[in-house]
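One letter stands for each residue in the lines below.
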Amino acid sequence: MSANATMDATGPGLDSVGLTVLNNFLVNTCREMGLAMMKTAYSSIFNEGLDFSCIILDRDGEMVSYAEFCPAQIGAILYTVKWTIEELGLDNFRPGDVVMHNDPYRGGCHMPEHTVIKPVFHDGELYGFVANIAHVTEIGGKAVGGFAADAKEVYQEGLRLPPIKIIDQGRHVDDLWKVILSNHRTPVTSWGDFHAMIGSLSVAERRLHEALAKHGVAGLLAAGKSLMAYSEQRMRAEVRELPKGEYGFEDWIENDGVDPTARYRIHCLVSVRDDDIIFDYTGSSKQAKGPCNCTYGVTASATYNAMLNLTDQTIPRNSGCYRPIRIIAPPGSVVNVAHPGPSVGGNSEVHERIVDVLFGALSAAVPQRVAAAAGASSCNFLFGGRHPQTAQYYANYHIEGSGWGATIGGDGNHTQCPINGNCRNTPVEVFETRYPWTVEQYSLAPISGGHGRTRGGHGCIRVLRVDAPEITVSSFMDRHSTRAWGLFGGEDGGSGALRVMRAGEQTWRTFSEAFGTVSPNKFADVQLHRGDRVMIVSPGGGGYGSPLERDPALVLEDLREGLYDVDIARTVYGVVLREVGGTLAVDAQRTRQERGATT
Amino acid sequence: MTDGEWVELPRQLYVTTVCHCDLCGKMVARRFLRQVHDGQPKRFCDADCARLWQEYWRPRYGNRPD
Chain A
1 MSANATMDAT GPGLDSVGLT VLNNFLVNTC REMGLAMMKT AYSSIFNEGL
51 DFSCIILDRD GEMVSYAEFC PAQIGAILYT VKWTIEELGL DNFRPGDVVM
101 HNDPYRGGCH MPEHTVIKPV FHDGELYGFV ANIAHVTEIG GKAVGGFAAD
151 AKEVYQEGLR LPPIKIIDQG RHVDDLWKVI LSNHRTPVTS WGDFHAMIGS
201 LSVAERRLHE ALAKHGVAGL LAAGKSLMAY SEQRMRAEVR ELPKGEYGFE
251 DWIENDGVDP TARYRIHCLV SVRDDDIIFD YTGSSKQAKG PCNCTYGVTA
301 SATYNAMLNL TDQTIPRNSG CYRPIRIIAP PGSVVNVAHP GPSVGGNSEV
351 HERIVDVLFG ALSAAVPQRV AAAAGASSCN FLFGGRHPQT AQYYANYHIE
401 GSGWGATIGG DGNHTQCPIN GNCRNTPVEV FETRYPWTVE QYSLAPISGG
451 HGRTRGGHGC IRVLRVDAPE ITVSSFMDRH STRAWGLFGG EDGGSGALRV
501 MRAGEQTWRT FSEAFGTVSP NKFADVQLHR GDRVMIVSPG GGGYGSPLER
551 DPALVLEDLR EGLYDVDIAR TVYGVVLREV GGTLAVDAQR TRQERGATT
Chain B
600 MTDGEWVELP RQLYVTTVCH CDLCGKMVAR RFLRQVHDGQ PKRFCDADCA
650 RLWQEYWRPR YGNRPD
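Same order as they appear, the protein sequences are chains A and B. The numbering of the first sequence is the working numbering, which starts it at 1 and goes up by one. The numbering of the second sequence is the working numbering, which starts it at 600 and goes up by one.
Next up, chain A with everything else stripped away, as it sits in the complex (with noise of 0.2 Å):
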């Protein structure tokens, strides 16, 4: 614990030493819940991916802790599990109980995102709930994988389910069961995946025994009180160091697969105040026909986070961190969907451009610590089939990195997964072993992180070829047309695309020029077979600051990684290079006057 802050002194009997001992073990309880899910997974999302989050909460619905998993749920997560204790009544819940939720529309992110949620009983005496919040790949519906890119209602997306028991007192409510799994395309995964997520519960349960059979139930929630009044404080702390004012900014979503020529603003005028700090996204976009609408769980996550990246990372992260935050979200816009609007593709790809927006917006009162916009596309591309070698059903959410903004201390890193996802990417080994395909290149792509005193990152490329006679695939990416604005000087990251080249073809061509699709890279349910061949090329991040100003020795070094040519390092970055023994060296003096004459 920080020492400029003060404990609640209402707190169990618990110093800040104990409080702090009590944080970690209910922080590695989370994380230790994420192995088991981790390693009993049957998907490469949860297995590999890291694709979901783990949370313990106290009987009131307040987040007492989380693991660093995937930060994009835990705004969420608090809303679906608040809503399931308002709609089915604290008096409802047994021990043993296990509910599940999926409905974007009582609190939810997307429908992919399935929360299961667990009471834990003390001596008879409700504590609180475990929670593990994730993204399972297939949940019937349009589109395999999840991702109906061109749906116009929720009802398209997949199994919506309000929250259900679907473990009642420790025994399975079959029927449930069945019409859930009769409704996936791979019930056989979906069953093993859902059984990780149960056992990660139980993990959680079994620790949080430990701890309420030495503090007792209110003891522990009189802790968990402490701990977040304690991060209420420092966040309160945090927002009266800010510079009051109010500070606007906006960025554009590309297409929503219905209408390939809308584009939709993400819009928010942030007002710090005393120690509260409003976001308020009126003036958004009318909510979309396609599924690039956020749910108001998604536009909070992005907040949130946003709010974390910039603020103390000491800070304990549970309900606390939030209560200085205000969130205004427009019904019926592109930040908070009106049912029944799809939402499939707000969490996945919106919530990146609302974090940009806010560090756009907030660049203005604390240009240190904010970075230039990432890539933020997850290049989300689905796909499923028969196995030829299996001949069972398979689907898979694949997901891509870009290059990430850069900011006043560093480059943006290379192709990595959006800031809020925290998810890995699939080895190609794994790939390759799992599912019906060969990749060919996987590789940084060439000038794709924006220039600047800090380089944004680059994206990536991919090149994918079929190895089964047919497989089935879905695509919702953006910043194909947008880019990843630079700030201070700084250019912007190079642009995303997708591209398909049939069998027996040796031209890269759009999904929507080989295939009709509305949009090039949203849509659903494109069959591709043997030889054919997809190219995902991921965006870069924005640089930040003038080129003119990096260091020399720095534009070598992109040199040496092949990141950009002499040219560019010339004619960008005002770095004149000469050849010393046979390797390149920068030519100082040169450089000086380059610079001099560029300024």
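All clues stand as given, with none of them false.
Pairs of lysine to any residue, SDA-like flavour, derived with a Cα cap of 25 Å:
hint, chain 1, residue 1, chain 2, residue 2
1, A, Lys-244, B, Asp-647
2, A, Lys-82, B, Leu-612
3, A, Lys-286, B, Gln-639
4, A, Lys-152, A, Pro-340
5, A, Lys-289, B, Thr-616
6, A, Lys-286, B, Tyr-655
7, A, Lys-165, B, Arg-630
8, A, Lys-286, A, His-339
9, A, Lys-82, B, Gln-611
10, A, Lys-82, A, Ile-167
11, A, Lys-165, B, Val-614
12, A, Lys-82, B, Glu-604
Counterexamples of contact, computed for chain B against chain A with all Cβ distances above 12 Å:
hint, residue
13, Asp-602
14, Val-606
15, Gln-634
16, His-636
17, Asn-662
Think of the hints as simulated: they come from the structure by calculation, not from any bench. Yeah, the Cβ is synthetic: ideal placement off N, Cα and C, and Gly gets one too.
Fit chain B to the given chain A structure using the hints.
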């Protein structure tokens, strides 16, 4: 402005419409705080949202029906 009253949402299984808070936009699960401003009814999640509507929203945007 009225102090407001808590209003329970209908619980019939067939009612699937969604109720949003008139300030923050969050969906309301069970009940909302109803206040009347200049003759127009408003629904809020809680007293905090009602307060923020008064001190932030109304001076800025007025009492728009939406």
